[in-house]
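> Sequence:
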Amino acid sequence: MTKIHILQTGMICVSPYVPYDDTNAGKLKVMGLTVPSEQWVWLPVSSYLIEHSKGLILVDTGWDRRISPTGEYDKKLQATVLGSKMLARINQGMLPEGQAIDEQLLRMGYKASDIDYVVLSHLDCENVCGVSQVAHARHILVSDEEMQAAMSGSTTNRVRYQSSLWRDVPLTLYQWNSDRGPFNRSYDLFGDHSIELINLPGHSDGLVAVKITNDEGKYVLLTSDSAYSARSWREMVLPGIYSNRNDQLKSLRWVREQSLSSDCIASLSTHDPEVEPHTIEI
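Residue numbers are given in numbering that gives the first Met the number 0: position 87 of the sequence shown equals residue 86, and the series is strictly consecutive.
By construction, these hints were calculated from the structure, which means they are not laboratory data. Treat the hints with caution; some may be incorrect.
[Said to hold, decoys possible] Here are the simulated SDA-like cross-link-like pairs (lysine to any residue), alpha carbons at most 20 Å apart as the crow flies:
| no. | residue 1 | residue 2 |
| --- | --- | --- |
| 1 | K26 | Y241 |
| 2 | K110 | Q7 |
| 3 | K26 | S36 |
| 4 | K53 | Y109 |
| 5 | K217 | Q257 |
Predicted model only: the values in this text are computed from it and were never measured.
Please take these sequences and the hints and turn them into a complete structure.
Right under this line is the structure:
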């Protein structure tokens, strides 16, 4: 039996057009620069610990305690840790006491060195900020395509991706070894389709969803930021941050199809406010 632990590893405050950009509002509104602060929304940041017969897998790491040492939002300190005032301005993070990934692993009886694989779904700050807390994991994986985008040097990416967050962490880049998903690009972690990293570009080039499948073909889908919540795929509302709008739409259609399948036990998004920490057994 596989256990999937849904963990809340902080909160993020963003423009309301980040999760749901149904009017194609434009960059200024998505960045929140023309949106009153009282309209911004706090969303959870989820990470996932998968206890699988072939290994212990952590998907994303959430915020690092350094951005929020007292458990509250600290504007100045967050800008220092993230290395960008602009990035900290548009992604305001908070990490309540006990929610840092190393704190949660310790309570569950695990050390970072016990983790066989850390899968970084993509390299946005709230997904990777805590990666240094699990630097002693056996393998820390990020898709080669995502790293290429992060290091591309475009004006947007120079703000969006801050390599200082993972610079001192031994990352392993992987290339697609299977053809699952809407773009026929995936990575079969164990070679048996039980844990698949499915490329869903659009939000970012190398973003992956994680599909966990049991022997009966039932599965749990971790959508990362290809969908910000169940509302995203139910109503086909695209998130506001994207690298390619057409790819983003194609990815979200695939998420919807997978989520509505009778074989889908759960479809979980990183920032869905309706998802509470709990454990799924499949």
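> Each hint needs a verdict: does it hold in this structure or not?
Going down the list of hints, with the structure as the test:
In summary, the hint linking K26 to Y241 is supported, as the alpha carbons are separated by about 10 Å, within the 20 Å threshold. Distance check on the hinted pair: K110 and Q7 sit about 18 Å apart at the alpha-carbon level, within 20 Å; holds. Annotation: proposed proximity of K26 to S36 holds, straight-line Cα distance about 16 Å (limit 20 Å). Simply put, K53 and Y109 have alpha-carbon atoms about 16 Å apart, close enough for the 20 Å limit, and the pair holds.
Distance restraint check for K217 and Q257: the Cα-Cα separation of roughly 11 Å lies within the 20 Å cut-off, and the hinted pair is therefore satisfied.
When held up to the earlier numbered hints, the structure conflicts with none and fits them all.
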